[in-house]
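S.K.: Residue numbers (numbering that gives the first Met the number 0), protein chains in the order written: chain C, 0 to 373; chain V, 0 to 305.
Honestly, the hints are just simulated from the structure, not real lab data. The structure displayed is predicted, hence computed values, not measured ones. Check each hint, because a few of them may be wrong.
To be verified - Computed from the model, here is a short list of chain C residues facing chain V with C-beta under 7 Å: (1) 38; (2) 187; (3) 191; (4) 194; (5) 195; (6) 197; (7) 202; (8) 206; (9) 208; (10) 209; (11) 212; (12) 228; (13) 229.
Note that CB positions come from ideal geometry on N, CA and C, so glycine has one too.
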Amino acid sequence: MKKAAIIGLCLVLMWGTTGMAMAKTLNLGTLSPLTGPYAQDGTDIKQGVQTAVEVFGPVEGFDKVEVMPGDSACDGGKATMAANKLINSGANVVIGAYCSSATEPAQIPLMEAKIVMITPASTNERLTQKGYKYFFRMPPRDDVQAWSTVQFLEKKLQAKTVALIDDKQTYTAGLAANIKRFAEENNLVKIAAHEHITPGDSDFTAVLTKIKSINPDAVYMSVYQPEGSKMIQQVRKLGLTSAFITEDAVYHPKFLEVGGPAAEGVYLTFAKAPDTPERQEFEKTYKEMWKVDSVGSYAYYAYDAAMMVLAAIKKCGTFDADTLEKTLRENTWQGVTGEIKFDDKGDRKLAHIVWIVKDNKFVSYWDPLTGKDL
Amino acid sequence: MDLTALLLQQMVNAIFLGSIYALIALGYTMVYGIIELINFAHGELFTAGAFIGVIVLSALQQAGWVESHFVLTLIIVFGLAMAYVAVLGVAVEHVAYKPLRNSSRLSALLSALGMSIFLSNGMMLSQGVSDRAYPQVFGLQAIEILGARITKGQIFIILLAIALMVALQLFVHRTRLGKAMRATAQNRTMARMLGIDIDQTIRITFMIGPALGAAAGVMVGLFYGAVRFDMGFIFMIKAFAAAILGGIGSIPGAMLGGLIIGVIEVGWAAFLPSAWKDVTTFTVLILVLYLKPSGLLGESVSEVRV
Chain C
0 MKKAAIIGLC
10 LVLMWGTTGM
20 AMAKTLNLGT
30 LSPLTGPYAQ
40 DGTDIKQGVQ
50 TAVEVFGPVE
60 GFDKVEVMPG
70 DSACDGGKAT
80 MAANKLINSG
90 ANVVIGAYCS
100 SATEPAQIPL
110 MEAKIVMITP
120 ASTNERLTQK
130 GYKYFFRMPP
140 RDDVQAWSTV
150 QFLEKKLQAK
160 TVALIDDKQT
170 YTAGLAANIK
180 RFAEENNLVK
190 IAAHEHITPG
200 DSDFTAVLTK
210 IKSINPDAVY
220 MSVYQPEGSK
230 MIQQVRKLGL
240 TSAFITEDAV
250 YHPKFLEVGG
260 PAAEGVYLTF
270 AKAPDTPERQ
280 EFEKTYKEMW
290 KVDSVGSYAY
300 YAYDAAMMVL
310 AAIKKCGTFD
320 ADTLEKTLRE
330 NTWQGVTGEI
340 KFDDKGDRKL
350 AHIVWIVKDN
360 KFVSYWDPLT
370 GKDL
Chain V
0 MDLTALLLQQ
10 MVNAIFLGSI
20 YALIALGYTM
30 VYGIIELINF
40 AHGELFTAGA
50 FIGVIVLSAL
60 QQAGWVESHF
70 VLTLIIVFGL
80 AMAYVAVLGV
90 AVEHVAYKPL
100 RNSSRLSALL
110 SALGMSIFLS
120 NGMMLSQGVS
130 DRAYPQVFGL
140 QAIEILGARI
150 TKGQIFIILL
160 AIALMVALQL
170 FVHRTRLGKA
180 MRATAQNRTM
190 ARMLGIDIDQ
200 TIRITFMIGP
210 ALGAAAGVMV
220 GLFYGAVRFD
230 MGFIFMIKAF
240 AAAILGGIGS
250 IPGAMLGGLI
260 IGVIEVGWAA
270 FLPSAWKDVT
280 TFTVLILVLY
290 LKPSGLLGES
300 VSEVRV
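Generate the whole structure from the sequences, applying the supplied hints.
M.R.: Have a look at this one:
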């Protein structure tokens, strides 16, 4: 009897608390690396979502909107654990993760739990090719990025040879493989070398010296920002003369800060967003709210994802995945990263442009779609 | 780049990396030599040194000292970083290891791991999660010798590392305190009977080892250009491998081990598939331990250490 009473009491308490939570609070989960080498981008993403919640204000039908930060640590295992924790603590929508290698395994529990997941950063094309209808992506895909890079190599730089460096993670290795595929299809640029580094390492002199001895026209760094910032300094110290091209994970104010004069002349691919008053307003709010001098590149996507989700929930009145997914897909949203319209896979139509580092700033340089200077 | 230049350049790369590993490895080996404990917090002490370095250096750069008093700036930066971490090392010993000196080895080991996590998180909270840029006071210019390039900063760092290692050897073999250290390492009970202050000797070991690690931390910052709270981990693993490879407890062994790990890493990445670099490093470690369990210059357990 006593046992039955205790079980009964437990059930009442459980239902009671979940019932209370579901009735009034909208829980916005985030997944991003808050610890480890990519914690800077992870923090940007979390803060982007928190800024959106602050800016959007109250959502009809809910007493309050709460952000639940999850730490995906750029690690498959930890990301899955964090995703499960978010599910168990009642997250209604999840924005994340950052590294493709963390997003991919975290998709599984979230999709099974029927929770809409929007990644503000992961660009590996595989993520949207699994038929998950509750999964959306804010930035353009890596095959688009690789195509733009190869166009730039062929048409603008007119490079004959390129060396690739990646750090063997899902995103970096995938991107390097895409570059290789496009380059081999067109057969204008030869892959002179394909080298690998270890994530978290500091010393890349051995690999860079090896590339220096081959002396390719261009070198493609498929790495994340912390490694990229250190690598470019060693490139200058070793005196490599090849053109250096890198990607959206390195496109971060930190690269300019750590790279300093060494970063000058590096080309990067990143989607260009129209310079709207909303974007400037967001930058101002963000800088004031978090007391920082610059806005991390993925804070924009995270902010857009959160603003869009809040607007969609306001519109359809629920966070139920099936309704919300349709609302997101059927409407066109306006964001600080441009117009947001998803295709049936959950991808946006966004194109990359090539940027160059000039006077310690990212300056738009070349458009792969038109083949013209910017 | 012709072959001579390529080989020479890779040699410079290897010696540079190896001397940094050697400096860190010394901290492990000295502590192990004297109290037979792997100081897992050593990687964090190394990071702490790098952070003190960047804080002091940034301040001095803003004050314009880098231009006006370049040498003095470097002395202050290295001096303060090493002094701070020496004090931190003694504090760590006092808090985490001294109370456990007579308990089982496992307790002390766990205490060391705990200290490592504590320090790492402390630095994360106080210094933030992202990279911190190190002022590039040596610039990017390099000197070219036979086609190989070496920057002024690299020359300075290699020379300083050698000087520190020579000084350590002289200290251990030529001074009274060094003699006391060697005696304590050989037989603590006997040393105590002969009137050596064991506590003081251990404290001094915990000052010198971490101070060398701190110097390595500043060097890493100066050359690689950025420090982060968790950067100690990768360096710790490699330096620990170097200490074991050279024979843990042996000071020349740590120096040799560091150089060997540097040469293997650079050599492999330079001429063979770079993806397998770390696999090779640790395979060599396993092979050496399999063939000579005490390490290259290590002596069997009952014999002399340090």
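S.K.: Hint validation: residue 212(C) versus chain V, beta carbon distance must be below 7 Å. Holds or violated?
M.R.: holds (4 Å)
S.K.: Does the interface hint hold: is residue 191(C) within less than 7 Å of chain V, judged Cβ to Cβ?
M.R.: Check failed: Cβ of residue 191(C) comes no nearer than 14 Å to chain V, outside 7 Å.
S.K.: Have a go at the residue 187(C) hint: is there a Cβ in chain V nearer than 7 Å to its own Cβ?
M.R.: violated (25 Å)
S.K.: Can we keep the residue 197(C) interface hint, with Cβ of chain V closer than 7 Å?
M.R.: Hint on residue 197(C): holds, closest Cβ of chain V at ~6 Å, below 7 Å.
S.K.: Should the hint that residue 206(C) touches chain V count as held when the rule is a Cβ pair under 7 Å?
M.R.: At about 5 Å, which falls below the 7 Å cut-off, the nearest Cβ of chain V leaves the hint on residue 206(C) intact, so it holds.
S.K.: For the hint on residue 194(C), does the least C-beta distance to chain V fall short of 7 Å?
M.R.: holds (5 Å)
S.K.: Tell me if the interface restraint on residue 195(C) is satisfied: Cβ within less than 7 Å of some Cβ in chain V.
M.R.: At about 4 Å, which falls below the 7 Å cut-off, the nearest Cβ of chain V leaves the hint on residue 195(C) intact, so it holds.
S.K.: Per the CB criterion, is residue 202(C) less than 7 Å away from chain V?
M.R.: Hint holds; residue 202(C) Cβ to chain V Cβ min 5 Å, cut 7 Å.
S.K.: Does residue 38(C) meet its interface restraint, that is, does its C-beta lie within less than 7 Å of any C-beta in chain V?
M.R.: Result: holds, 3 Å to nearest chain V Cβ.
S.K.: So, residue 209(C) near chain V? Judge it on the closest CB pair being under 7 Å.
M.R.: Nearest chain V Cβ about 5 Å off; hint holds.
S.K.: Residue 228(C) was flagged as interface toward chain V. Is the shortest Cβ-Cβ separation under 7 Å?
M.R.: Hint on residue 228(C): holds, closest Cβ of chain V at ~6 Å, below 7 Å.
S.K.: With a cut-off of 7 Å on the beta carbons, see whether residue 229(C) makes it to chain V.
M.R.: Where the cut-off is 7 Å and the nearest Cβ of chain V is about 5 Å from residue 229(C), the hint holds.
When held up to the earlier numbered hints, the structure conflicts with 2, 3 and fits the remainder.
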